[in-house]
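As given, the protein sequences belong to chains A and B, one line each in that order.
Each step along the first sequence adds one to the number in our numbering, with nothing skipped, and position 110 is 217.
Each step along the second sequence adds one to the number in our numbering, with nothing skipped, and position 84 is 490.
It is worth saying that the hints were derived from the structure and are not from the lab.
Accuracy of the hints is not assured; some may be wrong.
To be verified - In silico DSBU-like links for lysine-lysine, alpha-carbon gap of 35 Å or less:
| no. | chain 1 | residue 1 | chain 2 | residue 2 |
| --- | --- | --- | --- | --- |
| 1 | B | Lys-463 | B | Lys-415 |
| 2 | A | Lys-204 | B | Lys-477 |
| 3 | B | Lys-420 | A | Lys-186 |
| 4 | B | Lys-420 | A | Lys-204 |
| 5 | A | Lys-204 | A | Lys-149 |
| 6 | A | Lys-152 | A | Lys-109 |
| 7 | B | Lys-477 | B | Lys-463 |
| 8 | A | Lys-149 | B | Lys-463 |
| 9 | B | Lys-477 | A | Lys-186 |
| 10 | B | Lys-463 | B | Lys-420 |
| 11 | B | Lys-420 | A | Lys-152 |
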Amino acid sequence: RKEVEQDPGPFNVPEGATVAFNCTYSNSASQSFFWYRQDCRKEPKLLMSVYSSGNEDGRFTAQLNRASQYISLLIRDSKLSDSATYLCVVNRDSWGKLQFGAGTQVVVTP
Amino acid sequence: NAGVTQTPKFQVLKTGQSMTLQCAQDMNHNSMYWYRQDPGMGLRLIYYSASEGTTDKGEVPNGYNVSRLNKREFSLRLESAAPSQTSVYFCASSLPGQGVRDTQYFGPGTRLTVL
Numbered sequence: 108r109k110e111v112e113q114d115p116g117p118f119n120v121p122e123g124a125t126v127a128f129n130c131t132y133s134n135s136a137s138q139s140f141f142w143y144r145q146d147c148r149k150e151p152k153l154l155m156s157v158y159s160s161g162n163e164d165g166r167f168t169a170q171l172n173r174a175s176q177y178i179s180l181l182i183r184d185s186k187l188s189d190s191a192t193y194l195c196v197v198n199r200d201s202w203g204k205l206q207f208g209a210g211t212q213v214v215v216t217p
Numbered sequence: 407n408a409g410v411t412q413t414p415k416f417q418v419l420k421t422g423q424s425m426t427l428q429c430a431q432d433m434n435h436n437s438m439y440w441y442r443q444d445p446g447m448g449l450r451l452i453y454y455s456a457s458e459g460t461t462d463k464g465e466v467p468n469g470y471n472v473s474r475l476n477k478r479e480f481s482l483r484l485e486s487a488a489p490s491q492t493s494v495y496f497c498a499s500s501l502p503g504q505g506v507r508d509t510q511y512f513g514p515g516t517r518l519t520v521l
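When you get a sec, could you build the whole thing from the sequences and use the hints?
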């Protein structure tokens, strides 16, 4: 079993719609959770950290469910510029090493 | 600030050739990392350096060596390239002293093809 699993998609979303997707992680000792965004053939960039109580950053909402070991990302009012691959990232140990999921592709269409 | 820079951007090697991928950061970060990204597999850690003067193996270190030349620079060397090392290589660095919530900042990547 992969340490971090994601639905690869693609999730095809009409502009203005809402899209949500999850990722599951296997290490119950993980303490830090992130969503990174990766555009085609570019480097990953931090989108947002995920906190235990859930958190929002503009149109993006992240949730953490420790009991079921999954995190989620919801994008409201999707923009064409939201088209990207979203990487679920979980810390592996206290030294800050990270485990990356393979990514969920989101395609926003006009 | 340039952030994290990597050279070269593209490289084609023949099996058995060697090369060094260069990475530098100007953010005064202590920790630096080398990853490879293959289709459908996510980023996998090759080597990391928690601080200047230290290096440790990650998930997939075989066939690679690293050097933390100074606080700014962390290089990755392929001694005898193999087709299985065809991949996109990313260097990253992270904020000092933030513990497990360190954000990693990535360079633009090196696209390596081994024939």
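Hint by hint, here is what the structure shows:
1. Lys-463(B) - Lys-415(B): This hinted pair holds, its Cα atoms lying about 24 Å apart.
2. Lys-204(A) - Lys-477(B): Between Lys-204(A) and Lys-477(B) the Cα gap is close to 18 Å, so the pair holds against 35 Å.
3. Lys-420(B) - Lys-186(A): 43 Å, violated
4. Lys-420(B) - Lys-204(A): 32 Å, holds
5. Lys-204(A) - Lys-149(A): Distance of about 21 Å is within 35 Å: holds.
6. Lys-152(A) - Lys-109(A): Holds, because 22 Å separates the two Cα atoms, which is no more than 35 Å.
7. Lys-477(B) - Lys-463(B): 18 Å, holds
8. Lys-149(A) - Lys-463(B): 25 Å, holds
9. Lys-477(B) - Lys-186(A): 39 Å, violated
10. Lys-463(B) - Lys-420(B): 25 Å, holds
11. Lys-420(B) - Lys-152(A): 32 Å, holds
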